[in-house]
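Peer 1: Taken in sequence, the protein lines are chains A and B. Just so we're aligned: the first sequence equals residues 1 to 114 in this note's numbering. Just so we're aligned: the second sequence equals residues 1 to 391 in this note's numbering.
Hints were generated in silico from the structure; no laboratory data involved.
Derived DSS-like pairs: lysine-lysine, alpha-carbon spacing no greater than 30 Å straight-line:
# : chain 1 : residue 1 : chain 2 : residue 2
1 : A       : LYS91     : B       : LYS310
2 : A       : LYS94     : B       : LYS256
3 : A       : LYS91     : B       : LYS256
4 : B       : LYS233    : B       : LYS325
5 : B       : LYS310    : A       : LYS94
Computed Cβ-Cβ distance ranges for the label pairs, DEER-style:
# : chain 1 : residue 1 : chain 2 : residue 2 : range
6 : A       : SER38     : B       : LYS41     : 54 to 64 Å
7 : B       : GLU225    : A       : GLU64     : 55 to 65 Å
8 : B       : ALA130    : A       : ASP105    : 14 to 24 Å
9 : B       : THR121    : A       : LYS103    : 27 to 37 Å
If you want the footprint, here are the derived chain A segments under chain B, 3+ residues with CB under 8 Å:
#  : region
10 : 21-32
11 : 49-59
12 : 69-79
13 : 104-112
Even glycine gets a Cβ: it sits at the ideal position worked out from N, Cα and C.
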Amino acid sequence: MSVAAPETGLKFLQCNGCGKLYVPPKYLCTQCDQDDFSEVFSKGAGEVYSFTIIRMPFEEFAEEAPYAFGEIKVNNENLVVPGRFTNEQEKAVKIGSRVSFVKRDGCINWFQLA
Amino acid sequence: MRDVAVIGIGTTNFGLLGEMTVEEMGVRAFSDAIRDAGVEKKDIEALFLGNFTAGMLQGQETLAPMIAYSLGLRENIAAVKVEGACCSSSIGIRLGYQLIASGVHDLVLVGGAEKMTTASTARATRALSAAMDPVSESHTGYTYPGFFGLVANRYMYEYGGTIEQMGMVSVKNHNNSVSNPRARFRHRITLEEVLESRLVADPLKLYDCCPMADGAAALVLCSLERAREYSKKPVVIAGSGMSRGFRTTHETINDKGTMLSLPCTVSAAKEAFGMAKLQPGDIDVVELHDCFTIAEIVDSEDLGFFERGKGGRAVQEGLTQVDGKTPINPSGGLISKGHPVGATGCGQAYEIVKQLRGEHENQVRNAEIGLTHNAGGTGAICAVHIFKRGF
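I would like the entire structure built from these sequences, with the hints used as guidance.
Peer 2: Now the structure itself:
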């Protein structure tokens, strides 16, 4: 994996039993049945697997709408994670767009379009 | 295992029932089903009620025993709420089926009730997102229209499907419910109206999305050996499939390598078809979970009616029209009949039973075998039931 510092990296959970990598949260490894995980952090370079523009969110996100939401395929870890985009412009996000990880804010993984 | 039949059906209309409490909707649908079956209330041994949002939107729980009391059912009864988001009331069909098939009970009531339209769209959307994982999905600004927007964009990218094909699902389902007195929408729409409606979650527009609705639906289930005491037209549950899928969109993609299939649909369908010893080509009429137009297309592929990537073209070619090879959602479906989430599964069964009895307002000719498909969460749960004439 492309290791990054905990402050700047995209967080994954790695099973301490078998080494399988997961997108958090994960409570029990379904490959080896262990519940012991380590946090690991990736640089999070990837590409957009699919995206949408959410125009009718629920109350908490109403003021942010419309906003793009995507599933991002992170290259080195070969895992898809949900994410939003810091520098989105109307129609800028496409399937296959290259992105880099910027930060995690609350539950949101923020990416930047390359 | 004993055969199980539907001997009674009941429902409210689906739509704007703001003057009724959710309990009243449930009581009306269940009592309608009891009257239709002609059973004595004292003989009913269990009640399952599907509901998803009453706790959040009305602050109302403990609905199942309250409804059992209001109906005047006997005191020694298990009256249980079942919850699996938009799949809630199909869980009741499954559990009622199992209790009767195994010989524990002879007569079980199953149904669902939901009251949604008196809440604002933003508040109801939030309640529905309770079916998502908060940590990775709902607290990031993700919504259900967003989920299907992702599916739609990927479907167009991989298969060359078009937004027009999706729009044709909406046109078809609106046409279908013109004659359905239980439907929320009774008007035709044109493809242009769908395409010109406002965007909700790109590329999906307003008419690609099912509406919120209030409503309730109920069934009386009975062992087939006793069904003929009550009903001249019992409808047998030939197959019951139920599954858990994935917690989230990204876990589905990471485990299955695609988001153009709901694995829970595939596994529930496999179980139901296996139990019924039937193939997709044997099904005469389908009510499936068209919460969004793209969902109908993907579901029709997952259920085995069309090859992968061909569901959009099937709609375009008219194969899913009421007189087509595989009639899908002749009731209007979730998109036009409406989607009172916890009642939807039993509402689909209501429509299929009417079809198999030959009593539907939008009748599929000679329908003998029907299928319902009801899903909940971000592909977390699914039920598929296959019904056939028992007369």
